[in-house]
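Protein chains in written order, with the working numbering: chain A, 1 to 248; chain B, 249 to 544; chain C, 545 to 829.
Please note: incorrect hints may appear among the correct ones.
As the list claims (entries may be wrong) - With a straight-line Cα cutoff of 27 Å, these simulated DSSO-like cross-link-like pairs (lysine-lysine) come out: (1) A:Lys29 to A:Lys226; (2) A:Lys139 to C:Lys823; (3) B:Lys358 to B:Lys266; (4) A:Lys76 to B:Lys252.
No lab work stands behind these hints: they were computed from the structure.
Values in this document were obtained by computation on a predicted structure and should not be read as measured data.
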Amino acid sequence: MINNLSAKNLNVWFGEKHVLKNVDVEFPKNQVTALIGPSGCGKSTLLRSFNRMHDLSPDAKIEGTLTIDDLNLYQKDIPVTDIRKRIGMVFQKANPFPKSIQENIAYGLRINNLSYNQSYIQKALEEAFLWDEVKNDLKMPATRLSGGQQQRLCIARAVALRPEVILMDEPCSALDPVSTLKIEELIHKLKEKYTIVIVTHNMQQAQRVADKTIFMYLGEVKEEGKTYDIFNNPVNEITKNYISGHFG
Amino acid sequence: MQYKKRIFIDTVAKHTFKLTGYLVLALLGGIFGMLLYNAISFFAEVRPIDFLTDREWNPTANEPIYGILPLIISTSLVSFGAMLIAIPLGIGTAAFISEYASPRLKNILKPLVEMLAAIPSVVIGFLGIVLVGPQIAEFANLPNGLNALNGSILLAIMALPTIITISEDAIHSIPKTYREASYALGASKWQTLLKVTIPAAAPGIIAAVMLGLGRAIGETMTVLMATGNASLFPSDFFDSVKTITATIAIEMGEVPYQTTHYFALFAIAIVLFFMTLIANLIGEYFINRFRKYHAA
Amino acid sequence: MQLKFKKLTPIVEWGTLLLTTGLVCFFLFVILYDIITKGWSVLSWEFISKLPTQGMTKGGVLSPIIGTVLLTLLTAVFSIPFGICCAIYLNEYAQNNWLTRTIRASIRNLSGVPSIIYGLFGLALFVQAMSLGTSILSAGLTLGLLSLPYIITTTEEALLRIPASTREAALAVGATKFESIKDVVLPSALPGILTGVVLTLSRAAGETAPILFTGAAFYINSASGAMNQEFMALPYHLYMLSTQHQSIEEVRPIAYGTALVLIIVVFLMNLTAFYIRYKYRKNDQ
């Protein structure tokens with residue numbers, strides 16, 4: 001098993017608050033890893049550390065080693081935009097740009113000086129199971145799509161940059177059950193090409209989509225392993241309580 | 249290379265934005281510095297004590313007298329009169345819009361208030377001359393109606409939109425639970441309004457009044473056109489008055505640059521600056537106090 | 545007796561508030577009624593397309609209209625870029641420290657500074673220190689400064705409504721911060737910014753005090769549009785016709801016409817702003 005994304009001894013502070021404590025995690029290539037845990041346990045913070053989304057919060061302090069393959073993500077001479085090109089992200093609430101559907105896909109390519117053509121855009125939309133629904137309305141403002149469609153557009157937008165990893169921060173929490181299932185189906189398909197890390201509150205979702213699950217609590221990794229094992233034979237008492245719904 | 253260029257643009261943009269932020273500071277500093285610099289030139293020639301205590305403003309006399317008192321009294325009198333009219337009308341209207349008006353009526357009244365706010369002051373001043381003035385003259389049996397009362401009425405109209413809008417926000421943001429608690433004790437709608445809602449919204453309403461007052465003190469065109477501009481000590485609302493703003497507006501057009509009289513106008517402007525500043529600072533203090541308790 | 549009184553009080557109470565509201569509406573009605581009825585008869589194509597003639601007792605108000613339009617455009621040119629940049633700095637870059645708080649406090653205070661003091665500042669800085677003379681350029685710069693705090697405040701409110709996730713979306717596909725602002729944040733906030741800008745400019749178009757000593761002219765016989773020339777403007781024209789003209793009674797109808805034109809200009813700008821706001825809200829849902 002190859003790990004292409006990992007964090008070693010990661011500590012994150014926001015001001016005085018110590019949000020991640022000595023976190024060691026590895027995300028295997030071409031697998032889906034779910035990050036679960038109660039609100040405020042640091043799972044989103046961990047996710048965002050990988051594509052350096054904390055760079056712009058002046059009070060965030062990050063220590064530790066984060067790597068993709070053997071490249072240190074926080075190495076000084078690496079352009080942060082390159083990191084984000086390699087590690088895409090999908091957010092909790094669909095956040096399409098206030099542009100046309102086509103422009104939403106093209107934007108990332110254009111600013112990163114990547115050449116593209118129409119068939120490239122089509123391919124990205126196809127990969128996100130969206131092409132058939134929008135192929136006649138590529139010039140339509142993306143904000144007119146339904147919530148589920150918007151989220152798939154955001155996935156297409158991330159996919160278009162040919163990343164190695166896609167980070168997903170509760171991508172279905174704002175969606176209806178039908179749209180959610182569609183995205184989960186999509187995730188299954190996407191892991192053939194990409195490494196996927198997904199933060200979720202939904203235990204069933206984690207079991208449906210993830211190969212590996214990491215349980216976090218109060219900024220620490222409490223337990224990790226194969227999804228089946230975590231949900232069926234949890235070792236840690238807190239994990240047991242959490243997955244059986246005693247708190248959350 | 250491409251990346252370096254993008255980062256360069258990013259850095260340049262960041263510093264440009266930052267610079268504009270600092271320039272705003274410089275603007276306020278510049279305005280104050282300009283007033284101060286010219287006022288100091290004035291006080292090099294006229295003793296501050298005379299400026300503050302002389303009872304006459306007559307810069308064109310053979311022996312010019314620069315007493316700011318009549319101007320301050322005039323400004324205060326007109327603004328005070330305006331508040332006497334605008335406070336009850338403003339709060340009453342705000343209470344009506346917030347507590348009594350149906351949503352449909354609200355949707356009519358609010359744009360009306362915005363319309364009133366949009367009317368340029370010079371138009372209101374014009375109506376002071378052609379409409380309010382003759383009415384006052386007839387009513388009080390005076391040769392003309394260009395006096396403090398006229399100015400007060402017009403300034404009240406100018407200040408009303410500010411007072412209504414901010415008071416309405418304040419009353420509106422009082423939580424429903426306050427009212428419900430009052431109703432539960434058997435209080436009527438009116439009692440609740442007077443004894444519960446308005447007291448709870450008081451800091452916001454005071455802020456509204458202070459900001460309206462600041463607007464009235466600093467307003468130029470209406471008072472310039474409608475108050476007659478006789479620089480005497482006014483004795484009542486039927487006297488003609490000459491406010492600080494009107495004095496600057498009239499005399500700055502006539503004085504040669506860099507003379508004592510010219511500098512004198514900056515000296516009274518600095519007094520005006522502080523009068524409005526104090527009104528606005530008090531208003532801001534109460535707004536902050538209000539926000540603390542009723543985070544909007 | 546007691547019972548009757550009790551029944552009556554709510555009506556009296558309600559009536560009091562209704563009366564205050566009615567009076568405020570009455571003010572507005574009287575203002576509009578007087579200006580519209582007396583200005584309407586003067587208003588004609590001639591009136592808005594002819595220059596003033598015969599000592600302004602005849603002719604139209606074309607030169608004040610042109611002056612006001614040019615002046616408002618200049619105000620826009622000077623205040624919009626500056627104001628938007630400053631709002632971007634405050635909302636997107638500035639950290640919450642004493643310096644930022646001081647800048648915000650200055651902006652609030654600037655919006656409370658009387659307009660006549662902006663006039664004095666324009667006179668001292670642009671007319672004299674920068675030797676631009678009494679000109680439309682000086683007046684436009686002065687009104688630009690006056691408009692600045694309003695542009696900043698309304699732009700910042702519009703930026704504040706853009707959720708953080710919109711910015712992150714751009715960053716996540718590799719945009720720099722400036723690119724995210726330029727390509728995503730500003731276009732999203734555009735309707736809100738536009739509403740504020742148009743409202744601010746409508747206010748500037750009606751201002752008189754700041755242009756009194758910075759460039760407004762009693763009368764000029766052509767509307768050349770040169771930047772270093774004095775100019776006529778609608779509000780100043782109205783002021784002159786109603787207080788300074790040698791035959792005030794004779795020009796009164798023209799004054800009414802001017803007031804009506806000014807009000808129409810200002811209201812049209814306000815309507816534009818409300819239309820943008822309305823359309824934007826509708827699209828938002």
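Of all the hints numbered above, which does this structure not satisfy? Sort the numbers upward. 3
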